[in-house]
Amino acid sequence: MTALLAQQGPVIPEFERGSDCVRENGQFCFDWFVDNFGDVFAPRLVEHIELTAIAVAIGFAISFAAALTAYAYGKLETPFAIFMAFLYTIPSLAFFQLMVPITGLTVTSAEIALVSYTLLILFRNIITGLREVPEDAREAARAMGLTQWQLLWRVELPLALPAIMAGIRIATVTIISLATVAAYIGVGGLGQPIFNAIQSGFKTQFVAAGLLAVLLALVVDGLLVLVQRGLAPWMRATRA
Amino acid sequence: MTESSGIDVTDGLGGPAGDEQQSKVAGARSSGSAAVLSFDGATKVYPGRRTPAISKLSLEIPAGEICVLIGPSGSGKTTAMKLVNRLIPLTEGDVTIDGRSIGSLDETELRRGIGYVFQQIGLFPHMTVEGNVGTVPRLAGWPKERIRARAQELLELVGLDPGEDLKRYPGEFSGGQQQRIGVARAMAADQPLMLMDEPFGALDPITRDQLQDDFLRLHAEVPKTVVFVTHDIDEAIKMGHRIAILREGELVQYDTPDHILASPINEFVADFVGADRGLKRLNVWRLGHLELDPLPPGEPSGPTAREDTLLRDVLSLLLTEGAERVTVLDGDGKPKGTVTLDKITGLIGPQEGAVRA
Numbered sequence: 001m002t003a004l005l006a007q008q009g010p011v012i013p014e015f016e017r018g019s020d021c022v023r024e025n026g027q028f029c030f031d032w033f034v035d036n037f038g039d040v041f042a043p044r045l046v047e048h049i050e051l052t053a054i055a056v057a058i059g060f061a062i063s064f065a066a067a068l069t070a071y072a073y074g075k076l077e078t079p080f081a082i083f084m085a086f087l088y089t090i091p092s093l094a095f096f097q098l099m100v101p102i103t104g105l106t107v108t109s110a111e112i113a114l115v116s117y118t119l120l121i122l123f124r125n126i127i128t129g130l131r132e133v134p135e136d137a138r139e140a141a142r143a144m145g146l147t148q149w150q151l152l153w154r155v156e157l158p159l160a161l162p163a164i165m166a167g168i169r170i171a172t173v174t175i176i177s178l179a180t181v182a183a184y185i186g187v188g189g190l191g192q193p194i195f196n197a198i199q200s201g202f203k204t205q206f207v208a209a210g211l212l213a214v215l216l217a218l219v220v221d222g223l224l225v226l227v228q229r230g231l232a233p234w235m236r237a238t239r240a
Numbered sequence: 241m242t243e244s245s246g247i248d249v250t251d252g253l254g255g256p257a258g259d260e261q262q263s264k265v266a267g268a269r270s271s272g273s274a275a276v277l278s279f280d281g282a283t284k285v286y287p288g289r290r291t292p293a294i295s296k297l298s299l300e301i302p303a304g305e306i307c308v309l310i311g312p313s314g315s316g317k318t319t320a321m322k323l324v325n326r327l328i329p330l331t332e333g334d335v336t337i338d339g340r341s342i343g344s345l346d347e348t349e350l351r352r353g354i355g356y357v358f359q360q361i362g363l364f365p366h367m368t369v370e371g372n373v374g375t376v377p378r379l380a381g382w383p384k385e386r387i388r389a390r391a392q393e394l395l396e397l398v399g400l401d402p403g404e405d406l407k408r409y410p411g412e413f414s415g416g417q418q419q420r421i422g423v424a425r426a427m428a429a430d431q432p433l434m435l436m437d438e439p440f441g442a443l444d445p446i447t448r449d450q451l452q453d454d455f456l457r458l459h460a461e462v463p464k465t466v467v468f469v470t471h472d473i474d475e476a477i478k479m480g481h482r483i484a485i486l487r488e489g490e491l492v493q494y495d496t497p498d499h500i501l502a503s504p505i506n507e508f509v510a511d512f513v514g515a516d517r518g519l520k521r522l523n524v525w526r527l528g529h530l531e532l533d534p535l536p537p538g539e540p541s542g543p544t545a546r547e548d549t550l551l552r553d554v555l556s557l558l559l560t561e562g563a564e565r566v567t568v569l570d571g572d573g574k575p576k577g578t579v580t581l582d583k584i585t586g587l588i589g590p591q592e593g594a595v596r597a
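Chains A and B, in that order, give the protein sequences. Quick note on this note's numbering: the first sequence kicks off at 1 and runs consecutively. Quick note on this note's numbering: the second sequence kicks off at 241 and runs consecutively.
Note that these hints are calculated values from the structure, not bench results. Everything numeric in this text was worked out from a predicted model, so none of it was measured. Errors might be hidden in some of the hints.
What the hints assert, rightly or not - Okay, the calculated beta carbon distance ranges per label pair:
| no. | chain 1 | residue 1 | chain 2 | residue 2 | range |
| --- | --- | --- | --- | --- | --- |
| 1 | A | Arg131 | B | Pro287 | 45 to 53 Å |
| 2 | B | Gly411 | A | Cys21 | 39 to 47 Å |
| 3 | A | Ala237 | B | Gly339 | 57 to 65 Å |
| 4 | A | Phe64 | B | Arg290 | 52 to 60 Å |
| 5 | A | Leu223 | B | Leu456 | 49 to 57 Å |
| 6 | B | Gly411 | A | Leu76 | 51 to 59 Å |
| 7 | B | Pro445 | A | Arg138 | 51 to 59 Å |
| 8 | B | Gly339 | A | Arg138 | 48 to 56 Å |
| 9 | B | Lys296 | A | Ala72 | 55 to 63 Å |
| 10 | A | Gly38 | B | Glu412 | 35 to 43 Å |
| 11 | A | Arg138 | B | Lys574 | 24 to 32 Å |
| 12 | B | Ser556 | A | Arg138 | 30 to 38 Å |
What the hints assert, rightly or not - The list that follows gives simulated cross-link-like pairs (lysine to any residue, SDA-like), each with its CA atoms no further than 20 Å apart:
| no. | chain 1 | residue 1 | chain 2 | residue 2 |
| --- | --- | --- | --- | --- |
| 13 | B | Lys384 | A | Gln150 |
| 14 | B | Lys407 | A | Pro233 |
| 15 | B | Lys384 | A | Arg154 |
| 16 | B | Lys407 | A | Arg229 |
Glycine included, every Cβ here is placed at the ideal spot set by N, Cα and C.
Sequences and hints are given; from them, build the entire structure.
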């Protein structure tokens, strides 16, 4: 339990001086949340966004390279997928703890685990997206004298974009949820107020951090939908 | 029936081009460059197969002509076409374009010089019409303004709106319109050679007919050497300056539609073109191709038809009206001469095999 004890969380704060709601440890004390948002939640929210962004970015880079390799050399797809599925099935709490002896109570440990969880989702979606490019578009491209490289970058990847974006959305939402567990090894994020609240029993902090994580997931997912629409305008342009 | 049948073979098969269309494309910068395409003992054996898909195919397509490859399935017509742009590599023999072996050219360069239209159309759904049409020019490094001007010009040529349609995506168009875009894309870099693999095969009969007509008109404006694959003999007769009939990878007969209909080389070709080949010949010729009898004195009476009317339609008209003679009108609707029913039916009979240019 060393990791848990590493959390220097406050006990229930200001029991004496708080509002009725706080003193009675109500389900959710909005006034306390507003008063303490800047100190307790805002920095954790920023950390959480950082954890997620880094994990998805690195995860995407690895998956993209792996997917293109597997797309070119079909034999590699199954081994890649099995390895990524293996990583995906490791229980998250165990994964974070497993990394501690190797990379310590660091962000690196957290990111290695989080990145591992993005791989299978992103890899599968990129491969599927490429596979589903219509064969006739491919034939037209070849017949018009596009090289393999031009075919990939000008035709296949743009057409795989909706599937790739779908993968990024699932991976991002998954990581926003999983990153709360990363607080177990003391790297901050919205998981930290949750772990603190579990110890202290202060319900408002627990509920608020949970709600913020859910809200963050919804907002980011919405933004990614907008990005996808911007990048793939043809998806909406079909004959009425 | 001899030369005196009055059929002017040198006139070719493309009926009188509409003057209206002529003026519409007057500003077009398509040079209409065309290449001589020649198969020289071209042979393709697929790995693991004993019999060749194409066996020692030799034929020459003169510059600017439409050559239709036709045959039953398994005849190798699509294989033969795909040898030209090396989508299928040759096993033996050669294919030359203007005397240059396709093997001597870089694969991508070769393909960028050959327009390609196929049944599945294959437009890029993520690119606008301008992006699709501009594919090869972009690869060739044309400046943006030139690509746009070219795309506009081509859209007009294939009968689409060069303003609005340029910025739309393929998914917004009907099948027939999409194939018009496909044809425009295949002509974008003014390629001297076009390969068309059952290009109108997936369209409904009315749309197909329109696209065939429009393509013939377009081709008359901007002559290209065209290899046109189909399994539809009526389409072959309509589209081809020459028809190559293939069977199990071998060339059976290569001739003009009229000659193939008039004198099929063997039973196979006769069966393939159909028992009504005499009637089909009437689809090859128009009234204007016949030598006209002088107008009788006085007001013309009986049925009339313009000189660009297909003989089959004239026959139908005469039979329906119970008339023996049709008055031929020129492009302005003025009487020019007459043609008798006998002259038309004379083309159907067996003796017309002698109509050789």
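Here is how each hint holds up against the structure:
no., hint, result
1, A:Arg131 to B:Pro287: 45 to 53 Å, "violated, 25 Å"
2, B:Gly411 to A:Cys21: 39 to 47 Å, "violated, 55 Å"
3, A:Ala237 to B:Gly339: 57 to 65 Å, "violated, 45 Å"
4, A:Phe64 to B:Arg290: 52 to 60 Å, "violated, 45 Å"
5, A:Leu223 to B:Leu456: 49 to 57 Å, "holds, 53 Å"
6, B:Gly411 to A:Leu76: 51 to 59 Å, "violated, 34 Å"
7, B:Pro445 to A:Arg138: 51 to 59 Å, "violated, 29 Å"
8, B:Gly339 to A:Arg138: 48 to 56 Å, "violated, 32 Å"
9, B:Lys296 to A:Ala72: 55 to 63 Å, "violated, 37 Å"
10, A:Gly38 to B:Glu412: 35 to 43 Å, "violated, 50 Å"
11, A:Arg138 to B:Lys574: 24 to 32 Å, "violated, 55 Å"
12, B:Ser556 to A:Arg138: 30 to 38 Å, "violated, 46 Å"
13, B:Lys384 to A:Gln150, "holds, 19 Å"
14, B:Lys407 to A:Pro233, "holds, 12 Å"
15, B:Lys384 to A:Arg154, "holds, 17 Å"
16, B:Lys407 to A:Arg229, "holds, 17 Å"
Figure legend: structure checked against the earlier numbered hints; hints not met, in rising order: 1, 2, 3, 4, 6, 7, 8, 9, 10, 11 and 12.
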